[in-house]
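A.B. asks: Those sequence lines, one after another, are chains A and B.
With the numbering used here applied, the first sequence closes on residue 662, and no number is skipped along the way.
With the numbering used here applied, the second sequence closes on residue 864, and no number is skipped along the way.
Bear in mind the hints are in silico, worked out from the structure with no lab data behind them.
Positions of the beta carbon are idealized from the N, C-alpha and C atoms, including for glycine.
There could be a bad hint or two in this list.
So the derived list for chain A, only partly shown, Cβ under 10 Å to chain B, looks like this [said to hold, decoys possible]:
id, residue
1, GLY285
2, MET289
3, ASP323
4, SER469
5, ASP638
Some chain B residues close to chain A (C-beta under 8 Å, calculated; not the full set) [stated by the list, open to error]:
id, residue
6, ASN599
7, GLY673
8, GLY694
9, SER697
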Amino acid sequence: MDKTRKKKILFVDDENNLLQGLERMLRSKAELWDMDFAASGPEALMKLESNAFDMVVSDMQMPGMDGVQLLNKVKHLYPHVIRFILSGHADREMIIRSVGPTHQFLAKPCDYEILTEAISKAFGLQDFLYNGSATSVVNDASTLPTLPELYQKLRQLLCSPDCTMRSIARVIAQDISMTAQILHLVNSAFFGMPRNIDTIEQAVSLIGVEAINSLILTAGIFKEFTEEQMQEFHIKSIYDHSILTGIYASKITMKLLNDRKTADETMLAGMIHDIGKLFFIENKPELWKQVLSSYETDNRPFHELENKILGTTHAEVGAYILGLWGLSSNIVEAVAFHHEPQKAQCTKVDTVAIVHIANALEHQFSPPFKNKMDYDFLDALDITERLPELEELCEFRS
Amino acid sequence: MSSVVTSHCNVKTYALVLLALLILICISGDKITRNISQRELNTQLAELLGTINSDFLLNNARLASTLSNDVSITDLCRSNGHTDKIAASNLLKGAAEGSDAGIIFVMDSEGTVILSSAHRSGIDITGRNFSYRPYYKRAMEGRSAVYPAVSVIDDLRGLFFAHPVYSPRDSARPAGVVVVKQSLQHLDRKLNKLNFKSALISPDGVVFASNAVDMLYKTVYNISEKRRHQLKQSHQFADFPLEPSGIIIDKETMKIKGGAQCLSTGSLNLPGWSIIACSSYNYPFMYVSLACLITILATLWSFNWHSSIIKRRLAEAAELKARKQAQQFLDTAATILLAIDPQGKLILVNRYGCKFLGGIPKELIGLNWNEKFIPKDSSSNDCFSIENIQKKESGGFSSFSQEIITLKGEKKLISWHASIVKEEEEIVGVIASGIDISEKRRNAMELEKAKSNLEKSNKNLEAILNKTPFGVMTVGKDNLIKWVNNTTLEMTGVQDINEIIGKFHTDFLPMEPQSPCPLLNYVHNASTREQVLRKSDGSEIPILKTETALSLHDENVIVKTFIDITEEKHLASELQQSHKMEAVGQLAAGIAHEINTPVQFVGDNIKFLQGCGKDFKLLYENHLELLERADDGKLVEQSHIDRFRDDLKNSDMEYIINEIPPAIEQSIDGVKRIAQIVRAMKEFSHPGVSGISSANINNAIETTVTVTRNEWKYAAEMELDLDPDMPSIPCLPGELNQVILNMIINARDAISEMVGKNSGQKGSIRISTYHDDEFVTIKIKDSGAGIPVEVQQRIFDPFFTTKEVGRGSGQGLSISRNIIVVKHNGKISFESEQGKGTTFIIKLPRTRKDDGDEANNILQE
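Construct the entire structure; sequences and hints are all you get.
C.D. replies: This is the structure we're talking about:
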């Protein structure tokens, strides 16, 4: 498939007026996108069968087959297709139900600008990652693996009378998948929220304990790592690394920028920057094992080996899925470029730079990963001489 | 002797007379002794034996035998004294009175006295054990026996006739023993009359009765030491040493120490018993004369001395008599009389006292009062001290009460009157009379206790009643309030209970029927019902009242209990409000969808039109430029034309021209839809009027259907068949909207249940209205699952729901029913068929019975 090819979007809604309205409104985008319209789920599936679409934007409440049912089918049949929901209203039950198959939620009425931006961004990510084998890694992922102890802890907590927002948030914040998924959910337009959620605690209080409860216990989007996975892929060390990277990122931000908001953001980015690894471990374990074993023998940087073996990197895959989920571009970029910050073309110390430094420092402190610090990049930002200071800051793991 | 005393001064004359007398005695001495010859002795002894044998021995032996066969005695023994003792007791009493038996008692097989006739001393011997007595042992061997014994109670000698008592069931071993005690006073009197020495000899040879005092308790047989020991053990003869008397009788010979003139023995009817008789000692005449002479001389010589001794003896005798009389007097008193010496020892106690203290005088006398009779922990142990009595003494005696413990171990409270006895200014002791007041005190204490218990329980009851959250009021048959509890006071706001008591109960319970007698109402009013309580400030609070008729102190009253239900009323109204909010909230989601969809496409169309504006502007400018050139007569160059054509082509004018009319049309339609929903929403939740107003229920149905469109549109087709001539009726439109909403939601849920959620299949809801002269009727028919028969009875119950948790609060139908039935005097019913569907039928009256005040009141709550 060709990157320059026009993207094809299928809009699904039971209200014909709405489809016509969309068609008229998006007339100006006709050069970029091919748009097709279906008035029901079955009709949409028929169209998907005969045409290759890149994205489906579906209404939620429809007679017969509703949006979630449709997207689940799409996910199953056409995993590479980006799946959006554009709905006038959905109750929480429906939202939770839709978290699995849906990349992004958009609320009616949705402005021209928001709609087109969201669509463009998603296509941008698709192009960025575009690679046949890699997309399937992401799209195959039906469930996100989590750390068993944290998953159990959260389950117990949700059943116990001591359950508080804070205690839930504390557990979720220690888990990569759950943190990412909560951020996904919280970006749902149905929670009517601006995109400035900075901490998991905020996210949890926004979503509500009840929704968290159904997300964790009933939605079935999480599964626990198996014992073999835990051992074979050193899951625990990935988690430790992620948590520490988050903490370092937060510390470094405070040191360099002294901005609480950015610190919270870099903390989240640091926490989930390796989420791509989890996708590989879950969906392409053999390939991932290959990467790991060659890393031990080969002297090349990790991401180069990834590219060689997988055709993509865990950073790209992670960024792709987080981007599709509508997480802020700062976080998405930080994840995407945490190995190669220069690609981000940043001109000042930002989330990308900080997550890169935090990640490299953490690897420096805990082998077997080799030094990954991009000194040219640091020189360009004129912060190389502050490195010892930052090292000292992070050395004392607290 | 008397002559000696009287002829004081004529000593010589007396001496002569005495001499003459002596000579006479000496001469006739021989003759006197000789008068009681052996023969005579034998005769008299025989005579005596006859009397004794027939007199009492036989009688009492028979008595014992007779008693032992009596049913009441056998019963008594068989049951070991656990049967009714009255019959046996009466029998013993009668037998004792009818004979000269001193006491009759019955022992059980263990030798313990279980029943006894009254003892002369008043001491009750019941419970004492006489198993050591030989007569018991012998009777238990199955033989009747008679044994001599000295009573342990009064030291008097007696013959104990014992006879075994057999239980009818067991003839092997006696179940008890009947004992008849024969006192020997009678025999003693008989013996004393004799002019010769005589003695009653027990089988052991012990003298048990005799007119010669020195013979008593002496032995006449040679008794072995072993036997003597046995006798002592049996306490038959108290502690007497049983020394040999001068007379020794053996099987062969009888001899009297020093030689007796005559000796005769005779057997009694009792085996082993005998009586001996002997004449006086036969001293030689010369010894006698000499003795007489010496006596006379001594008498003469010591006349004066003699006379003083005699005087003293006489005085002693008088004193003894007086003391005996005093003792007798004391004994007849029915109070405890006792004397205590300064050392605290009991020196005198009357018979009543003995009985009371539980002992015989012999046991009691000499006991230390405080040690023996005062409980160790008692504080009243020095009551009898001299100092104490002196201190308290007034009017010759002091009074106090003292707790004592008798020898039997009973605690008693005694009220004493005591005074000090002085002899020539020296204190010799304390005498005291006492009355047992234990019973009195106990009764008084019990009475006091019962009284305080009663008071306490009264207080408790009142306290409980005062603390209950229920108002309690009792009303007499005169309609006047008799009593109320504190809660009633608090509820009515009255400070003083007396402001309520005596008032008419209708002053506070204005809804109670006015009746000559509230008891008449009771039957009709018995059920619990809501009423109002009028407070002292005239305001009224809702109460739930129930009442009971009660008989108190032979007076019938009505007890009314009631509880303030202001809070409940408030809650109920809040509940309805919250249900309304819940319904509206549920709708809000659907309405948001209903509004957001048209807003989306209206916005899209406008965005499109905005874009069209730009295109039109470009074309318009091109058009103007073309016209200007044309006006100026300039040539229109090919480049211009190409540009204009490109612009026209790029603007996709054909599409625009085609799309603008439907875009505008759809937008107008969308705006209309939004406006309609918003209006219906407003109509639904705020129908403009809050009270009763005239409204057309068709409007209410249309409004509600619109508002709920999103709720039913995926599940059902909605069909309205509304009566075009529907008249307006007085109603509460907002409330009716809520009812119709509930009906539609239920219909939708029933259909979803039937066809399955998100199945894409649809059912149908049909709402129809029609009217007649009396009612307007709404029918809501669905093609749902129907109501299961087993829950049909309960569907109008509050909080009853069959919907899954979180979907329904179970209030919808309950509230609907309340709105229709209570607030509109209407009817709500349903017809349901499983698997086919349900039809709810609501009938509303076209006119209201009242002015609507009540409904308005309800509404304002």
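A.B. asks: Now tell me, hint by hint, if it's right for this structure.
C.D. replies: A quick look at each hint next to the structure:
| no. | hint | result |
| --- | --- | --- |
| 1 | GLY285 | holds, 3 Å |
| 2 | MET289 | holds, 4 Å |
| 3 | ASP323 | holds, 8 Å |
| 4 | SER469 | violated, 21 Å |
| 5 | ASP638 | violated, 44 Å |
| 6 | ASN599 | holds, 3 Å |
| 7 | GLY673 | holds, 6 Å |
| 8 | GLY694 | violated, 34 Å |
| 9 | SER697 | violated, 36 Å |
Going down the numbered hints, you'll see the structure goes against 4, 5, 8, 9, while the others check out.
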